[in-house]
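**Q** Starting from the given sequences, assemble the full structure and let the hints guide the process.
Protein chains: 8
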Amino acid sequence: MIETDISRLIIEQYTQRMTEHLDNDVVIVGAGPAGLAAGYYLAKSKVKVTIIEKKLSIGGGIWGGAAGYNVVTFEDTQILEEIGVTTQKHGQLYTADAIEFATALAYKTKKAGTEIFNLLEAEDIVLKDETVKGIVVNNASASTLGLHIDPFCICAKYMIDATGHPAELVSMLRQRKPELFPTELLEYFMNVETSEAGVVEKTGEVFPGLYIAGMAVCDVYNLPRMGPIFGGMLKSGKKVAELIYERLRSSNT
Amino acid sequence: MIETDISRLIIEQYTQRMTEHLDNDVVIVGAGPAGLAAGYYLAKSKVKVTIIEKKLSIGGGIWGGAAGYNVVTFEDTQILEEIGVTTQKHGQLYTADAIEFATALAYKTKKAGTEIFNLLEAEDIVLKDETVKGIVVNNASASTLGLHIDPFCICAKYMIDATGHPAELVSMLRQRKPELFPTELLEYFMNVETSEAGVVEKTGEVFPGLYIAGMAVCDVYNLPRMGPIFGGMLKSGKKVAELIYERLRSSNT
Amino acid sequence: MIETDISRLIIEQYTQRMTEHLDNDVVIVGAGPAGLAAGYYLAKSKVKVTIIEKKLSIGGGIWGGAAGYNVVTFEDTQILEEIGVTTQKHGQLYTADAIEFATALAYKTKKAGTEIFNLLEAEDIVLKDETVKGIVVNNASASTLGLHIDPFCICAKYMIDATGHPAELVSMLRQRKPELFPTELLEYFMNVETSEAGVVEKTGEVFPGLYIAGMAVCDVYNLPRMGPIFGGMLKSGKKVAELIYERLRSSNT
Amino acid sequence: MIETDISRLIIEQYTQRMTEHLDNDVVIVGAGPAGLAAGYYLAKSKVKVTIIEKKLSIGGGIWGGAAGYNVVTFEDTQILEEIGVTTQKHGQLYTADAIEFATALAYKTKKAGTEIFNLLEAEDIVLKDETVKGIVVNNASASTLGLHIDPFCICAKYMIDATGHPAELVSMLRQRKPELFPTELLEYFMNVETSEAGVVEKTGEVFPGLYIAGMAVCDVYNLPRMGPIFGGMLKSGKKVAELIYERLRSSNT
Amino acid sequence: MIETDISRLIIEQYTQRMTEHLDNDVVIVGAGPAGLAAGYYLAKSKVKVTIIEKKLSIGGGIWGGAAGYNVVTFEDTQILEEIGVTTQKHGQLYTADAIEFATALAYKTKKAGTEIFNLLEAEDIVLKDETVKGIVVNNASASTLGLHIDPFCICAKYMIDATGHPAELVSMLRQRKPELFPTELLEYFMNVETSEAGVVEKTGEVFPGLYIAGMAVCDVYNLPRMGPIFGGMLKSGKKVAELIYERLRSSNT
Amino acid sequence: MIETDISRLIIEQYTQRMTEHLDNDVVIVGAGPAGLAAGYYLAKSKVKVTIIEKKLSIGGGIWGGAAGYNVVTFEDTQILEEIGVTTQKHGQLYTADAIEFATALAYKTKKAGTEIFNLLEAEDIVLKDETVKGIVVNNASASTLGLHIDPFCICAKYMIDATGHPAELVSMLRQRKPELFPTELLEYFMNVETSEAGVVEKTGEVFPGLYIAGMAVCDVYNLPRMGPIFGGMLKSGKKVAELIYERLRSSNT
Amino acid sequence: MIETDISRLIIEQYTQRMTEHLDNDVVIVGAGPAGLAAGYYLAKSKVKVTIIEKKLSIGGGIWGGAAGYNVVTFEDTQILEEIGVTTQKHGQLYTADAIEFATALAYKTKKAGTEIFNLLEAEDIVLKDETVKGIVVNNASASTLGLHIDPFCICAKYMIDATGHPAELVSMLRQRKPELFPTELLEYFMNVETSEAGVVEKTGEVFPGLYIAGMAVCDVYNLPRMGPIFGGMLKSGKKVAELIYERLRSSNT
Amino acid sequence: MIETDISRLIIEQYTQRMTEHLDNDVVIVGAGPAGLAAGYYLAKSKVKVTIIEKKLSIGGGIWGGAAGYNVVTFEDTQILEEIGVTTQKHGQLYTADAIEFATALAYKTKKAGTEIFNLLEAEDIVLKDETVKGIVVNNASASTLGLHIDPFCICAKYMIDATGHPAELVSMLRQRKPELFPTELLEYFMNVETSEAGVVEKTGEVFPGLYIAGMAVCDVYNLPRMGPIFGGMLKSGKKVAELIYERLRSSNT
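One line per chain: the protein sequences are W, X, L, A, H, B, Z and Y, in this order.
Heads up: the first sequence is residues 98 to 350, going by the working numbering.
Heads up: the second sequence is residues 98 to 350, going by the working numbering.
Heads up: the third sequence is residues 98 to 350, going by the working numbering.
Heads up: the fourth sequence is residues 98 to 350, going by the working numbering.
Heads up: the fifth sequence is residues 98 to 350, going by the working numbering.
Heads up: the sixth sequence is residues 98 to 350, going by the working numbering.
Heads up: the seventh sequence is residues 98 to 350, going by the working numbering.
Heads up: the eighth sequence is residues 98 to 350, going by the working numbering.
Everything labelled a hint here was simulated from the structure, so no lab data went into it.
Honestly, I wouldn't trust all of these hints.
Claimed, not checked - To be clear about the criterion: a stretch of chain X counts as covered by chain W if any three or more of its residues have a C-beta under 8 Å from a C-beta of chain W, and this derived list gives those stretches: (1) 193-203; (2) 251-264; (3) 275-284; (4) 287-294; (5) 302-315.
To be verified - Cross-link-like lysine-lysine pairs, in silico, DSS-like; alpha carbons within 25 Å at most: (6) Lys274/Y to Lys299/Y; (7) Lys299/Z to Lys274/Y; (8) Lys254/B to Lys299/B; (9) Lys208/Y to Lys186/L; (10) Lys145/H to Lys208/A; (11) Lys141/L to Lys186/L; (12) Lys152/Y to Lys225/Y; (13) Lys274/H to Lys152/A; (14) Lys152/B to Lys152/Z; (15) Lys208/W to Lys186/X; (16) Lys186/A to Lys274/H; (17) Lys152/W to Lys152/X; (18) Lys274/H to Lys274/B; (19) Lys225/Y to Lys208/L; (20) Lys254/X to Lys143/X.
Heads up, the beta-carbon is just placed ideally off N, CA and C, and yes, glycines get one too.
**A** Rendered as C-alpha cells:
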C-alpha cells in the first residue's frame, strides 16, 4: 500500500542519512545563528558536518527578534548578502526581518550540504585520550518526559559547542574537570560596543577536540552579552569554521 | 547609546510593518505548508497578504517529518522546484529533507512579499453584514498564561483558515452558527490515495469572506487525512491563492 | 570507533525490523495480557504479527496486581502452564506472582516470533473500501509533549484492538461512525462470575478488518468488568488469535 | 474600519510612548509602594522617569494587606494625605484600605507624569565603564513560557532597584561581582520598631548608576523586615527620588 | 508588642468591614470596568454596595490594553472626565493610558464609598422564593488549590453579575434552570459599531434580584464583542446603577 | 531486629483488619460528617461497618469551617453533646470549633467500632442481580498518578454513598443507567431554611443495596445546599444508620 | 437572613479567637504528634498556648501509619491511656489504629484548651534583643499560589518548633546565623533503639525564646530517625511542655 | 462472594511474602540489569534475596534500547545464553531485542527464587554499629505525591545499591558522611572500551554492609559510562552476587 511505501521510504531515508553521519569531520551542537553559520561555511568547504538540535524547529533565538518584535539588527551585511537576506540601512545599523533571516540561514546551510537532525539532545561527551571524540545523544523527549532510556553516539574529529548561553558541552566538561574552567560559565552584562569583537576573538578550541562559537563563547570567557544584534554570531560561526577547516586540511596533508 | 538605538529601530520597524498590515487584501491564519503556499502565490501576484502564526517558529507540522524522522514525501515536484527544494525520486514518490522544505517554503514566501507575524493568536472573527471582515488577534502568551488582556484586529477583504486540524476560524463560526456546519469538524480516517484530490477540490470559500486551505479542508468536509505527504497542502494553498486572486482582480475592474 | 559501531548496529537493526513489519498479517495495538496472548498464539501459528505499545514497558495492567499488591489470580492454569508461570491453588482459585506473569507472557510472546515496538502510539486508522487496512502511528512522546509531528503507518490484513478500557481503535471508528456503536464504550459494573464468559464469547470482529480482545470487549459490549483475575484476558487473546488464524488460512487456500 | 483604527491608534500610541522612554533620566524596576513613590516624587520634580513592572497589574504587595485582610497600616500620614488616602487613627497607628492605597498611589504617580510599562521584565543590566547605564528588558511571558527570545534595552542616567525582596538588579550585579556583596541578599528577622528607620537610612546608591529603595534595601543590608506597615516604603521611595533629583540638578548646572 | 498591635488592628478592621457588609443593598461580582462603574455610581447615590473580586488586584481586563499595549480607547469622555482620566483625541476616538484608567476608576469607586473585597470568589447563589437573595462566596484559593472548604454568604437586595465573559452568576442559574437561557452564554463575533449600543440597551435584570452589566450582557444576549474600547462598559455600569437606584428609591417610598 | 518487628506488626495488623473487613454489613464511602455519623450510629448498634476514605486525613469538609475561618454552626446540639463537642449558643444558632468537631466525631466513630481505611478510593460498584453488592476500590494514588493498576473489592449487604457533592457511587450508577437518574446530579442553590429538612427527609435507599446520606442527597434530589451548618449532615448520617439497622434486624429475624 | 447570620457568627468567632491569641505564653508551629502533645500538656497546666498548622487537617505524619498501613506502634502506653487510645500488646511493642491516635490526640489537645489555627504558615521569626518574640505567619495559600501578600504576627513568650524534619523555625535562624548551627539540619540514619532516648534528651531551648520538639530535634542534632513508632514524639512534646511550664512558673514568681 | 475471595487471597499472599522477606540475606535496591543479575545469581545459590523497585514495571533502562530504538548490544553472550536470550553476531558485537532481554532477565530472576516488590522506594538506611543493617522503604507514591507518611524497614545481612546513576543508597551515606566520598557521585564521560572492565573490577563493598553494582559503580568511582551495551551490567551483578555468596558461606561455617 502507498501508506506503507511512504512510511518505509521515510524511515529508510532517515536511517541512511543518520548512519552515514554517525562519523563526521565536525559535529555542531545547536542550530542557532552561530551553529548554522559554522555549518554553512564548513559545508561550503566540503567538510562532512552534522548539526544536532534538541528542538523541533531550527533557528534558536532568531525567530522572536527583540521581545517578540520580530526584527533583527546587524552592523554590516556581508554574510547576509551571501545568504540572500534583504536589509535596510538606518545610520550605522541594518535591520532585517527575523523570520527571513532564520529561514534563509537554515535553508542555505542545508543546501550547502550540512546534515541537520532535530529532536536530538546531547547528553554527554565521548572522551578518549583526553580528547573529545564525539557526543552522546538521545531523543530529546527522553529527558523532557523523564524516561529512562540509554543514548547513542555521534562522533567527529572536532565538536563545536554552539548551544548558546548554557554552553552545554563545556558545562559537561566543567562538571568533571572543574579546574579547567574556574569561573562560572556566565555571560557578562550587556555592552554592545565591546561584545562582538570579544566573541569573535575568543571563538576557538577550549579543550582538545572541542571548539566553541556564538554566545557559548560569552559564557565561557565571561564576555558581555549583546542582545538582538546578530553579526557577531555569524562571524563567530564563520571563524570557527575556518579554524577547523585549516586544521582538517593540514592534518590531511 | 547604541543599545537604545537598536531597541528603537526594532520597535519602530515592527510597528511600521504591523500598522501597515492592519488592513490587507488577505489575512492567512497559520504558517504551515498550506498557509505559506497561499501566501507565496498571493504575494507573487502582488496581493497584500499577511500571515498570523501563534507559535514562535514558522512551518507548522513540517519539521518532524513522520514521527520525528525528518523526511517528507511528495507525489510530484513542480512547486518544490519552484521554491528550490532538492528531491529524490523513489518509484512514484519523491522525498525531501523536512528542514530544507520548511525553511525554503517560508523563506521564499517571505521573499515574495508576504508579511508574517509570529506569536500572534487569532481569538475571534470580525463579522459585519454577515461577512467576515477581519480577525481578532492577541499575544499568544495571553491565552497560554491565562492573562486577562483584550485583543486587537487585523482586517482584510478575504481571510484564509489555514490552521490545520483544529480549523480554528471555522470552529469560531460553527460555535455561533452551528446550523452552517452540522457535522463535527473532523478529518476522516487516513487514505492517501483519495485524500489529496479531495483536499484540493474542496479548497475554497465556506462563508462570505472566509476561505479554507490545507488540512482545515479535511476537517470541514470530513475528508480522509494523508500523513507525511505534503503535495496536497501545497496545491491547496496554491488553489486558494488563485481563487482569491481572481476575485480580487474581478472586483478591482 | 566502537561507540559509533554500536549506534549503527542498533539503528540498522531497528530499522530493518521496523521496515520488515510495516506490512503484516496482523497488527495488535496494546501489549497488555490480551494483546500479548493474541500475539503469542498467532506467532506460534507462524502468522506475521506485530504489537504496538505506547508505554516504554510491556505488560499493561499486570504489574501492580490488585491496588499494588503484586499478586494475580486465575480460575484455571492451562495457558499459565504453557508459558511457564508457577501457580498456587487456593480452593477454586489460583494465584501467581504478577511480575512473573508479566515477564513470562511477554518473554514467551517475543520468543514465539511476535515483533513488539514500544513507545509507538496509534493515533488513527487507515480505512479503504470501508475496511480497516492499517493503523496510523506516531512517536508516543509527540502527543504527550504536544509536538506537531505527522505520523506514519503500519498495515496488516487484520487489526486487533487490545487497548483495554479506552478501546482506542473502536473509539476512533465510533467518533466518525457513531451509528455503528450507539452505546457509550464503557465496561459495566464488576461481576466476576459472569464477566469472563462474556468477554471470551464476544471477542471477535467488530468492523471489517478490526477485531477486539480483552477489556476492550467489555467496553464495546458494556460487559461487566472483572478485576485482578486474568484468565479471561488470556482466553480472549487466544480466541482472537484462533479466529484470525482460521480466516488467514481459509483466504490462503 | 473602526476596528483597525482602534488597533492602529493603540499600537502607535504605545510605540510612541515606548520609543520616547528608551532614554530616561531614571528607570525604576518594580511598581510596588517604594517604586511608585519614587516615581511620584521624581515626576513631580519634572524628572523623566519610567517604571518597569513584570506583572500585568501595578501595586506589588499592597493589594492583599496582611494575609489577605486587605487593610494596611502606617505610623504617620503625611504622604498619604498628599496622595489622597483616607486613614483612621488607632493609638499610634493609622489604617487605610489596601485597595484605596494601591490605586491612589499608582494613579497619582501616573498623573504626576511617570511613564509605566507593565508586562516587561528586567533580565539584565547594561554596564559600561563600570557604571550601570540601562536595563535589559524582555516580554515577561518569554521567561515564564521558556521562549528563547532576545531582549531590548531601556536606558537612563540612574536606575532604581525597587524589586522588593529579590533585589533583582543587585542580584545580577552580585552574580558577576560577588566580592561587592559578600553577604547573602536577605532581609533579617521581623522587627517593626527598628526596620523603618533602617530602610530609609540605607536607601541610596550601591554601585555607580544603581540605587536601591524599599524592601530591596533590607535584602542588601540584611535589615529587619517589617510586615504590613508601609510608611517606610513610601519614605524610602521619596528619599531615593530626592537623592537622584539633587544629583541630576547638580550635574545639570 | 507593636507587631501584634498591627496584626490586631488589621484583622479587626477587616472583620468590622466584612461583617458590616454581609447585608447590602447591592452586591457586585467582578471588579472590572463595568463592575467598578456600577459601584461608583451606586455609592455616589449613597447606596450600600459591595464588590467581590476573586483576583488579588482590581481592574479586570483594563491593565493590558490591547494585547499588552497598555493603551485603551473610548468614543466619548464624559465619564472619564468625571473620574479624572486624561485623554487624547484622535479623530472620532479618544485614547487613555490603561494603568491610569484602571487606577483612577478603582480609586474613585473606593472613595465614593464602595466596599471592595478581593480574593473572594462567588461559588453559588442564595435563592429564596425564586428570587436571588445573595451570593455564596469562598476564599478564592480554595477552588484553585482544590481544598474542600465550605463557603459563607454575602447578601443584598440586588445582585449584579459583572463577571465579564463567563457571566458566572447567570451560568449558575442556567445550570439549574436551562429553560431560562436556551442559547449558550457566548458573546458574538466582534463588531465595534453595533456592540456598544447593544450592551447598554440590554443591561438590566435577567432574573428576580439579578442584574447583568458589561461583557456579561454580551454573553447572555449573544451580542457582538468590542475589543479594547471601554465606553460601553462604563455606560453599562452606569445604567445598571441607575436602574437599581430607581428601584431601591421606589421601594423605600 | 526491632525495625523489622515494627514493620511486621504493622503490616500484619493492617492485613488482619483489612481481610476481616472485606465482607461487612455496611460499607460507607466517604469519611465526612455524614459518613462518620452513619458509621458512629451503626457501630454503636453493633453492626459491622467499614468506612473508605480516599484522602490521607479524615473529616471531609469540616476542617476549614467557612472559607478557612475554622468555626462551624448548628441549629441544635443533641448529637454534639453525645460525641462531646463544646458549643456556644448565639440566638438560634450554636457554634463549635471546626477542629474539635472533626476530631471528636472521627474519634468517637472509631471508638464505637467502625473500621476506617484511608487512602482507598472507590472506582466502581459490584453489581449482581441488579443489586449493589460491594465496591471496587483501589489505592487512591493509582488514579492520581495515572498508574495502570487493577482494583480489589470490599463487599457488604448495604452500601452508603457519603461522598458529598460528587455523589460518586450514584454517578457510577447513572453513567450506565441514565434512565434511573434523569436530572443531572447537582445540588440546588443555597437556602439554609429549607435544606436541612430536605436532606434528612430524602436520606435513604436509591437503588437496591445503595443508600445515600449527606450532601450526596442534595445532588441526587437537586435539593438546596446549606453551607457551614452541619446539623443536617449529622442527622442524615444518623437516619441512614437507623434505616439500615432496621433492615438488617428484620432480615436477621 | 440566616445565611448572613451564620456568616457573621463564624467570622466574628474566628476573629475573636484569633485576636485573643495574637499574644500567648507559647506558640507551637506544627500540629503533628510532638506539637499536639506539647499543646496538650501546656494547656492542661493552664498555659495560654496556640498551635499554627499550615495544612487544612491536623495530625501531621500520623494518619498513614507506615507506608499507608494505618497502624502505629509504641514502646509504652502511659500517654496513650491518658488520651484514651486503645492499644494491643505484641511482645515489647504496642499497636494502635493511626486514625484513632491522630483524632484522640488532637481532640484531647483542643479540649484541654489549646487554640489551633490551621491553614496558617510560619514564614519568619520576630526577633528583638536577640530573642525570639513571635512568628510571622501568612495564609498558607499565599506561598503555594505565589501570591505577593504581606504576613502578620503571632507572638509569645516562648516558641516551639514542632515542624518535623524541615525544622522550619530553626532553618530560618540558621539562614541568617549559620554560625549557630554549623552542621546541616538533617536527621541521621534510622536506628530505633537509640533514637527515642536521644530525641527526648535533646528536646529543649536552642536559642533564646525558641524550643524544639519532635523530629525537629533529630534534624538539629543529627540524631537517628525512628519510623512509625511514636512514643518519642509524645515524650518530647511532654518534656518541652514541662520545661516551658517551669520557666513560666519561675518567671511569674 | 468470589470478589472478596479474590481480594482476600491477593492481600494475604502479598502480606505473607512481604512479612517473610522483612529479614533477608540480601536486599537489592533497583531492578535494572545489574540488580536483576545479582538477584538471579544469589537466588540460584539459594540465598534469601529481595529486590525493591520504585517503578511499577521491572527492567530499568533496558526497555528503550538506544534513544528508543529497542535493541541492545553485548560483547559476549555467556550470561545471555544462560537466561535464554536470542542474539545475533555482528563482527565483535552481539545484538538482542531489548524487550526480550528485559523480560527474560526478570522472568528467570523471579523463577530462580528472588522476591521482587515493585512500587516501593528506598528512602533511607538502617545503620547500627556503623554497619548498614537494612533499608527504610515507603510506598513510592508517597514521595511523588508529597504525602506525609512514615516508612517501614526491610533488613538484610548485606545490601546492594543497584540504583544506577543516582547511586541512591551511597548518596544517603555521603549526605551524612561526606568525608567517605569526597568526589561528587558522577559517572565519567563515555568510553566504551574502558568502561566495562572498570565497572566489574570496582564492583564490591563500599561501606560495612553495603555493596554496589552496575552503573552505581561508575558514579561512585567516577568511571566512564558506556551506553546501550549491557554486558558490564550483567557481569557486575554476577560479581557482586559471588562476593556476597562467599561472605555468607564463610560466615555460616
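**Q** None of the hints should be skipped; say for each whether it holds.
**A** Against the structure, the hints come out as follows:
1. 193-203: That given contact holds, which follows from 7 residues of the stretch 193-203 of chain X lying within Cβ reach (below 8 Å) of chain W.
2. 251-264: Check failed, 0 qualifying residues.
3. 275-284: violated (count 0)
4. 287-294: holds (count 3)
5. 302-315: Since 0 is below three, the answer is violated.
6. Lys274/Y to Lys299/Y: holds, 21 Å
7. Lys299/Z to Lys274/Y: The given pair, whose Cα atoms are some 22 Å apart, holds under the 25 Å limit.
8. Lys254/B to Lys299/B: holds, 21 Å
9. Lys208/Y to Lys186/L: holds, 18 Å
10. Lys145/H to Lys208/A: Violated. Lys145/H to Lys208/A sits at ~30 Å, over the 25 Å cutoff.
11. Lys141/L to Lys186/L: Distance of about 28 Å is beyond 25 Å: violated.
12. Lys152/Y to Lys225/Y: violated, 29 Å
13. Lys274/H to Lys152/A: Violated: Lys274/H and Lys152/A sit about 39 Å apart, past 25 Å.
14. Lys152/B to Lys152/Z: holds, 13 Å
15. Lys208/W to Lys186/X: holds, 18 Å
16. Lys186/A to Lys274/H: violated, 49 Å
17. Lys152/W to Lys152/X: It holds: about 13 Å lies between the C-alpha atoms, which stays within 25 Å.
18. Lys274/H to Lys274/B: Roughly 23 Å between the alpha carbons, so the hint for Lys274/H and Lys274/B holds.
19. Lys225/Y to Lys208/L: Violated, at about 47 Å.
20. Lys254/X to Lys143/X: Holds: Lys254/X and Lys143/X sit about 15 Å apart, inside 25 Å.
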